[in-house]
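Same order as they appear, the protein sequences are chains A and B.
Every number in the numbering used here is 13 more than the matching position in the first sequence, counting from 1.
Every number in the numbering used here is 13 more than the matching position in the second sequence, counting from 1.
These are calculated hints, taken from the structure and not from any lab test.
Remember, it's a predicted structure, so these values are computed and weren't measured experimentally.
No incorrect hints appear here.
When chains are identical, the list treats them as one kind, so a pair holds in a single copy or across two.
Calculated cross-link-like contacts (lysine-lysine; reagent style DSS-like; alpha-carbon spacing at most 25 Å):
1) K275 x K164
2) K353 x K275
3) K164 x K90
4) K99 x K353
5) K304 x K90
6) K304 x K178
Protein chains: 2
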Amino acid sequence: MLENMFGRGVRFFKTLSVFRHPVKTKKTKLRYVGAFAVGCSVATYVASTHKAEMAKKKVMKVDTSHFMAEPLTSIAKLSENPDDMKTKIELLIMKIQADFCRALEAEEDVDVRFRVDRWERAEGGGGVTCVLQEGRVFEKAGVNVSVVTGKLPPAAAQQMRARGKSLQEGELPFFAAGVSSVIHPRNPLVPTIHFNYRYFEVREPDGSVQSWFGGGTDLTPYYLSEEDSVHFHRALKEACDRHDPSFYPRFKKWCDDYFFIKHRGERRGVGGIFFDDLEEPSKEQVFQFVKSCAEAVIPSYVPLVQRHKDDAYGLREREWQLLRRGRYVEFNLIYDRGTKFGLYTPGARFESILMSLPLTARWEYMHIPSPGSKEAQLVDVLKSPREWLVDEK
Amino acid sequence: MLENMFGRGVRFFKTLSVFRHPVKTKKTKLRYVGAFAVGCSVATYVASTHKAEMAKKKVMKVDTSHFMAEPLTSIAKLSENPDDMKTKIELLIMKIQADFCRALEAEEDVDVRFRVDRWERAEGGGGVTCVLQEGRVFEKAGVNVSVVTGKLPPAAAQQMRARGKSLQEGELPFFAAGVSSVIHPRNPLVPTIHFNYRYFEVREPDGSVQSWFGGGTDLTPYYLSEEDSVHFHRALKEACDRHDPSFYPRFKKWCDDYFFIKHRGERRGVGGIFFDDLEEPSKEQVFQFVKSCAEAVIPSYVPLVQRHKDDAYGLREREWQLLRRGRYVEFNLIYDRGTKFGLYTPGARFESILMSLPLTARWEYMHIPSPGSKEAQLVDVLKSPREWLVDEK
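Bound conformation, chain A alone:
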C-alpha cells in the first residue's frame, strides 16, 4: 500500500519532468520518493555552503530525482558528508547510470525499458543493476552501479601491489564505487560500447588513506566505420583535453594495450581511453576529469546508434557479429581485471558482473575472413591499432 503510493508519486513526478520517458514498467519495484526528497535536501545544503558551485548543485537536484533507484549509501550519511569524495562519486555514478539508461531507452520501442535491480551485499554496500534485454535496438544492455565496502581480499591487495601500490599488510578496509556498462546492440552495424569509471579507497593500519580513480570508454564495432571511430575518439579527446593535453594520447595508448586478446594478437575493438591509479594532480581535479569522461559517453555513442540502428543487414553480418562477440567473451573472462576482481570478491553478485556478456555468442573453429573482405578490414585494424585523430592535433 505504502509502496503503491510511492509508486504513484514517482510516476506523477516523472511524467511531469521527463516527458519523453514514459512510466516505469512493473518490473521496477523501487522507492524513489525518499531518494528524491532527501536528494533535494543534499543539494540544498551543498548549495548554501558552496555558493560558487550553486549552479552545478542545482543540476544535481534534478539528476538526483532521476536515479534508477535509491543510492546505496543512506541518504542521511550522504547529506552529512557532501564534500567527501565517497559521496561525490556515488552521486555522480548514480546520475551517469540514469542518464545513460534513459538515453538508450529513448532509442528503443516505447514498451522496452530497463529492468532495475537494487541489491545489497552482506559484507557491506551493494549496487543497482539495470539490464535491458531483447529490445528491438539493443539485444542486451547493462548499466551497473556498485558501491562496496569491506576488507580487501588478500589476492586483490597483492594485485594492487604488483602494479605499484605500496599497501601495508593486514586486513585493509576498502571502499570501491563505480559505474560500468556494456551495450550489445542487435544491428551489427551499431558498435558495442563499454565504459567503466570507478573510485577506490584503502585505509591502512596506521589510519592513512590511499585513493585513486580508474576507468575508460572503448568501442567495439563489428564492421569498421572510420567516421564512427573518429566521432567516438573525438568526443573522448575533447573530454580529456579540457583537463590535460597529455591525457588523450596517453590513455588512448593504454586502452589499446589493455583491451588486447593476447592469444589472438588482436585488440577487442577500435579502442578509446583507459587509465588506472590516477590520483594526481589532486583528488578533486581527477574527479572532475572522470566526470567529464563519464559525461562524454552519451555524445560519443548515442549518435552512432541513431546513425546505424536501422541499417540493412543480413545473415552474413549477423554471424560475424556473433563470432566477434565470442572474442568479447574471451577477453572479459580470460583477461579483464575488473571481471576477475569482481568474481573473486567474496559475496560478489555474479549476475551483475556477467551482465557484460552478450545474449548470444559463437565460436567457429578456424574462422578466418577472406582477405580484402569487410570482415578482414576490421581484423586488420584490431591487429594494428590506428590513430584516429591524426589531423586534429
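Following the hints, put chain B in place on chain A, whose structure we already have.
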C-alpha cells in the same frame, strides 16, 4: 603427385579394413602411408622383443594405420624407442583420437566428416586437431592430440610447485602429450562429453626426470537422465575397478570438486572422474589405467548419443541448452587449468585450445528456472552432486 599416390594407397587400405568409414573428405591433406608402413615395423619390433604382449601389439598394428594423421614424433624416433613412455603415450592418444572420431562419424550423416589439421609448433612438437562442425547430430565436436616439447614456462613451473611438485629452478625441458575432446551435440537431450588424458615429463638440471599422468572424463547433460548418468558412471567405474578399487570413489569426488563453477556454486555437469599427478604404483601401471579410462570413453558415451539423438525437442530445450553452454564457456575460460596452461604456453595454437567452446552460447541476465521444472531438476544436481552407483558397490 606423390601425395596423390599416397592418398590412393590409403583409401585402398582404409576401404578394405574399415568398411563403415568412407573415403576421407578433400579437406584431409595428410600422408598416411608412411605412418602406416612404419607403424607396422614398430609393432613388429615390439612384438619380437615382448612375446607376452604380442597379441596386444598386433592390435596396435591395425590401429596405427587408422590414425587421423601422421604422429607428431618422427616414425624413426618412435621405432627406435618402443618402450619409452613418450612413444607409448603418443601411439595411445593417436589411436584414442581416431577411434573416437570414427565412432562419432558413424552416428552422423555420411557426408559429415571430421576436418583434420596436423600442425607443428615452432618451439617443438605439434598436434593433430580434428573438428566436425555443423553436423546433423553434432553441432561442434573437437578431438585434439598434442605432443609438445620445450622449456617449461616459469608460470607453469610455479603452478606445478603450488600443487606439490618439488621442481628445481631454471629452464626445465618438458614433454607433454595428451588427447582432449569436447563434444557439443545438437539435440539438447544428448549430453556433452569432455575427456582429456595426458602424460607429462620434466627433466631437472641434475638429469633426473619427473613424470606423471592426469586426465578424466565428465558428462554435461542439459536435462537430467538418471539412466544416462548411471550408465556413464558405471562405464568409468568398471575401467577404474580393473586397476584399483579406490580409484573410482577418489576420482569421482575429485571430478565433482574440479569442475566447479565457483561464482555460481554449481558443477559443470554430473561429473565423472578426474585425477592429476598420478605416478604410483608404477609408470607402466598408471599407463595401463589411463589406457583403460581412455578406452572407456566410447562405451560410456556413444550409447547415450544413439539413445537420444532423434529425441523430439523444441525451442524451450534449445534455449536452455544454449544457456547451459554459456556456463560451459565460463568454466573453461575462467577456471580450467588446461585452457589456462594452453593459452599461456608460448606458441600455443589457440584454435586447438578453444575448439572446446560451443558453436553457440547464450547469457541471459538473472535466468532462474521455475522451481520444480525439468531445468531446475538439473540445477539441483549441479548444486548437490549425487552418488550415481550407490547400489552397485
